[in-house]
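Construct all of the structure, not just a fragment, from the sequences and the given hints.
2 protein chains.
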Amino acid sequence: MRNLTLLTDLYQLTMMNGYFQENIHEDIVVFDMFFRKNPCNGGYTIVCGIEQLVDYINNLKFKDEDIKYLESLNLFSKNFLDFLRDFKFTGDIYSVEEGSVMFPNEPIIRVKAPLYQAQLIETTLLNIINFQSLIATKASRVCFAAQGNPVLEFGLRRAQGPDAGIYGARAAIIGGCSGTANVLAGKMFNIPIVGTHAHSWVQKFDSEIESFRAYANVYPNKALLLVDTYDVLNSGVPNAIKVFNELKEKGYKPLGIRIDSGDLEYVSKEARKMLDNAGFEDVSIVASNDLDEYKILNLKSLGAKINSWGVGTKLITSSDCPALGGVYKLCASEENGKLVPKIKISEDPEKITNPGYKKVIRIYNKHNKAEADLILLHDEVIDTNKNLTVFHPIYTWKKKTFKEYYVKELLKPLFLNGKCLHERKSVMDIREYTKNELNTLWPQYRRIDSPEEYKVDLSKKLWELKTNMLNEKKQK
Amino acid sequence: MRNLTLLTDLYQLTMMNGYFQENIHEDIVVFDMFFRKNPCNGGYTIVCGIEQLVDYINNLKFKDEDIKYLESLNLFSKNFLDFLRDFKFTGDIYSVEEGSVMFPNEPIIRVKAPLYQAQLIETTLLNIINFQSLIATKASRVCFAAQGNPVLEFGLRRAQGPDAGIYGARAAIIGGCSGTANVLAGKMFNIPIVGTHAHSWVQKFDSEIESFRAYANVYPNKALLLVDTYDVLNSGVPNAIKVFNELKEKGYKPLGIRIDSGDLEYVSKEARKMLDNAGFEDVSIVASNDLDEYKILNLKSLGAKINSWGVGTKLITSSDCPALGGVYKLCASEENGKLVPKIKISEDPEKITNPGYKKVIRIYNKHNKAEADLILLHDEVIDTNKNLTVFHPIYTWKKKTFKEYYVKELLKPLFLNGKCLHERKSVMDIREYTKNELNTLWPQYRRIDSPEEYKVDLSKKLWELKTNMLNEKKQK
Chain A
3 MRNLTLLTDL
13 YQLTMMNGYF
23 QENIHEDIVV
33 FDMFFRKNPC
43 NGGYTIVCGI
53 EQLVDYINNL
63 KFKDEDIKYL
73 ESLNLFSKNF
83 LDFLRDFKFT
93 GDIYSVEEGS
103 VMFPNEPIIR
113 VKAPLYQAQL
123 IETTLLNIIN
133 FQSLIATKAS
143 RVCFAAQGNP
153 VLEFGLRRAQ
163 GPDAGIYGAR
173 AAIIGGCSGT
183 ANVLAGKMFN
193 IPIVGTHAHS
203 WVQKFDSEIE
213 SFRAYANVYP
223 NKALLLVDTY
233 DVLNSGVPNA
243 IKVFNELKEK
253 GYKPLGIRID
263 SGDLEYVSKE
273 ARKMLDNAGF
283 EDVSIVASND
293 LDEYKILNLK
303 SLGAKINSWG
313 VGTKLITSSD
323 CPALGGVYKL
333 CASEENGKLV
343 PKIKISEDPE
353 KITNPGYKKV
363 IRIYNKHNKA
373 EADLILLHDE
383 VIDTNKNLTV
393 FHPIYTWKKK
403 TFKEYYVKEL
413 LKPLFLNGKC
423 LHERKSVMDI
433 REYTKNELNT
443 LWPQYRRIDS
453 PEEYKVDLSK
463 KLWELKTNML
473 NEKKQK
Chain B
3 MRNLTLLTDL
13 YQLTMMNGYF
23 QENIHEDIVV
33 FDMFFRKNPC
43 NGGYTIVCGI
53 EQLVDYINNL
63 KFKDEDIKYL
73 ESLNLFSKNF
83 LDFLRDFKFT
93 GDIYSVEEGS
103 VMFPNEPIIR
113 VKAPLYQAQL
123 IETTLLNIIN
133 FQSLIATKAS
143 RVCFAAQGNP
153 VLEFGLRRAQ
163 GPDAGIYGAR
173 AAIIGGCSGT
183 ANVLAGKMFN
193 IPIVGTHAHS
203 WVQKFDSEIE
213 SFRAYANVYP
223 NKALLLVDTY
233 DVLNSGVPNA
243 IKVFNELKEK
253 GYKPLGIRID
263 SGDLEYVSKE
273 ARKMLDNAGF
283 EDVSIVASND
293 LDEYKILNLK
303 SLGAKINSWG
313 VGTKLITSSD
323 CPALGGVYKL
333 CASEENGKLV
343 PKIKISEDPE
353 KITNPGYKKV
363 IRIYNKHNKA
373 EADLILLHDE
383 VIDTNKNLTV
393 FHPIYTWKKK
403 TFKEYYVKEL
413 LKPLFLNGKC
423 LHERKSVMDI
433 REYTKNELNT
443 LWPQYRRIDS
453 PEEYKVDLSK
463 KLWELKTNML
473 NEKKQK
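Order-wise, the sequence lines are chains A and B.
Quick note on my numbering: the first sequence kicks off at 3 and runs consecutively.
Quick note on my numbering: the second sequence kicks off at 3 and runs consecutively.
Be aware that a few hints might be false.
Because identical chains share one entry, a pair is satisfied inside a single copy or across any pair of copies.
To be verified - DMTMM-like mimics (lysine to aspartate or glutamate), calculated; alpha carbons at most 20 Å apart, straight line:
hint, residue 1, residue 2
1, K63, D84
2, K344, D208
3, K271, D233
4, K361, E466
5, K463, E382
6, K353, D233
7, K468, D208
8, K39, D322
9, K275, D233
10, K401, E373
11, K344, D233
12, K340, D208
13, K353, D292
14, K224, D284
15, K244, D284
16, K224, E24
17, K297, D322
18, K189, E67
19, K344, E474
20, K271, D284
21, K400, E454
Hint data in this document are derived by calculation from the structure and do not stem from the laboratory.
Next up, the structure:
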């Protein structure tokens, strides 16, 4: 397991040293992680990377060489550096379950810990959760566009470094992909891996037909042939059909063809006709080449004859929105043994934080559809025997009352007093959990273009606290 | 050092097994790595990541657990898996020097190796070089826009995983950034790290002025204060000035203020006036908040009073073009001891490859400005005593003749017969090399919007080979 203790912004360490000098480093504080916008103007976000966050926290330790490096910066007191030698996370972390569907502005991770500890972990917590959540969400959009066809993650060569390839593949599977080409990710996470051959295989042989024969010879049960090295319809597909016939005679069942360039609509339709006419109605047509949810949606609407989608660059980088802007904001700080709410104000109203030690509940109707989320102060209780009225935090006249409903509390303990309570789940189990989560959403929140905005409201008590704090700060 | 041997696409392994079964796996082949477009519609690309590529190659080894995993896939023959146990890279790799400025369609890395070896390394070679080259290039664009002001890399929390943060910081420095906030990158690569405090520092204290005083108390020589937690002009700057005066009385020199939100043009101009009026003409104004080369260019053109630029998300992800599309294509294959050129054809003319075992030279004028690059067959010789005429590979009537010129061969050996010849350089030395490289470019290739296209031509011999091969393949 990698030790990423120094993977942090320098200001976390300068602040930690400052708090230490001021002797307030052990003050208990609460930070919320949340994001302000769903990726790709979408209607939801799948939270992913919790397991890697747990590993990161469990492996926090400043090694001798780390301390020596920090010493060399001439920024930190000797006392502080000695103090770091015994660093151990001793706080509480609550988080939503990995694979959960979440929405803007609600806490998805809540850290309550001594100030210096909560500060150190900010950067890597955000790094891990922002990236994996981004890719899981993107994958879920691509799979939605593919309308049940398998989507395969092919992006490693264009991923932003090795980790992006590895953890991006993990997140893509959780978001709904059926497999990845990434072998190391397959080994690490026990997820399905896929792959056949490249253009270079075809080029290596004297002719395309020889290359196809050789491939079918080695993998008679897995003959999926790449048909666009020279000319799909005049060479690739006719050659593939010859080899499929040879396989059929020997009693094997060919799998399909892959097209990686050109006019995917026209070529897939023509190839389908040629395959069908040759009696290969069952073999698949796999398409790749710069695909994303928008291109797949378009090809689907045009009736392209594609059964399976290989998606590379645009999935593994989430190319039209390559970052989830998750933030980590101080919302409470202990003073004389009591948690006092804190707020960050901004000229930009969207950047004002929700103060206080909070929790989040999801409100479901009796058909198990999610109707709204509500952010409350930590000690508030909902009596589900009574009607529940929620209101929009800005347009407060927008109200909704729930009569038959039940609620779930979304934040669950990952660490309590530094003790890890996280139970590992397989990636395929998390994938299943995500699938169920997505099924609790009404379709209008899932659509790719201009989805409805899911309700995330504040309890009356929290709304009043926030309004009062804003009025007070702005009077000064 | 991490062993990334399994970090590859599954099809590399299925092809390797196929070649092994066909007993052609030891055939010597040549692959070129090149890209087809510069990032962000720019005029050049900085090649970066060569050192990590070398580490990757040097650490290639299939461990027992890797073999066991591959066995579990039921795809590979026992012989092949045994063969992998002794895998070692024994080929040649030529590459441009790290930090070089390169252009579309020219080989930047050339691999000549037994087929099975050349195939295995494709994916991770591309992964490493694509990402770091992307970020180095993006950083260079941002620094160009900042017109000599320091640019600081602040993106770790939004980077696409830990590696993207670490190697992205390295690449950003090579591309011209003055520092990074990433502590681990600072330690690993001995590069400058920077950072002061966050909004949470200000929130933690009862008032902004107390937080500033506490910071100045701990870091009297490094007082750079974040002034936008509550209200920049009505609270942040006046409080900073008070604390700067207190520092001045004690004989310290304050460093500056940082603004992380709001109207950077207006606020920086007003803050500058306030600071100047208080006698702090020397202190810096650092700006951050969703910056990139376009926003910096705009703020510069409006006369914003900003001395230093913190750039996060949009640099570390290269958000408007989050992938460099580098590819790795078979260009020659040994047959009876002779390298035979290979070509990949596509309906899309841009995707047709340059066949043959090739090299690249750069043509400089006597003022050391780069005038054009020329791709030649490996055994071609340029006699620089004679005039040299180059021509456009598509619009062949576009010609240029060089009279007083000299040439440099760009590809240099990294590995010969598996032996590593790479000499490590410090990141700061590579950064200096890149700076010199950029100085060899005429300004029209460096501008951010609509740069001129740098000439990359084919030698007559190579052009004829390609044209003949295309005619021949298309006749069939």
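Worksheet item: Is it within, between, both or neither when you check K353 against D233 at 20 Å Cα-Cα?
Response: between (54 Å within a copy, 13 Å between copies)
Fill in: K224 and D284: within-copy, between-copy, both or neither at 20 Å Cα
For K224 and D284, only the intra-copy Cα distance (14 Å) is at most 20 Å; the inter-copy one is 70 Å.
Item to complete: Check K39 against D322 for me: Cα-Cα at most 20 Å, and say if that holds within a copy, between copies, both or neither.
Response: both (14 Å within a copy, 18 Å between copies)
Item to complete: Up to 20 Å between alpha-carbons, please classify K401 paired with E373: within, between, both or neither.
Response: Answer is within: at 13 Å inside a copy they meet the 20 Å cutoff, but 68 Å across does not.
Worksheet item: How would you classify K344 and D233 at a CA-CA limit of 20 Å: within, between, both, or neither?
Response: For K344 and D233, the Cα distance is within 20 Å only across copies (16 Å; inside one copy 65 Å).
Discussion item. With identical chains, the pair K463 and E382 could be close in the same copy or across copies; at 20 Å between alpha carbons, which is it: within, between, both, or neither?
Written reply: Classified as within; 9 Å inside a copy, 80 Å across copies.
Worksheet entry | Alpha-carbon proximity between K361 and E466, which holds within one copy, between copies, both or neither at 20 Å | Within one copy only: 16 Å inside, 70 Å across.
Worksheet item: What label fits K244 with D284 when the C-alpha limit is 20 Å: within, between, both, or neither?
Response: within (16 Å within a copy, 78 Å between copies)
Worksheet item: Is it within, between, both, or neither for K271 and D233, if the alpha carbons may be no more than 20 Å apart?
Response: For K271 and D233, the Cα distance is within 20 Å only inside one copy (15 Å; across copies 61 Å).
Worksheet item: Quick one: K344 to D208, C-alpha cut-off 20 Å, is that within a copy, between copies, both, or neither?
Response: Close across copies (10 Å), not inside one copy (71 Å); limit 20 Å.
Worksheet entry | 20 Å Cα threshold - placement of D208 relative to K340 | between (78 Å within a copy, 15 Å between copies)
Worksheet item: Between copies, within a copy, both or neither: which fits K275 and D233 at Cα up to 20 Å?
Response: within (16 Å within a copy, 67 Å between copies)
When held up to the earlier numbered hints, the structure conflicts with none and fits them all.
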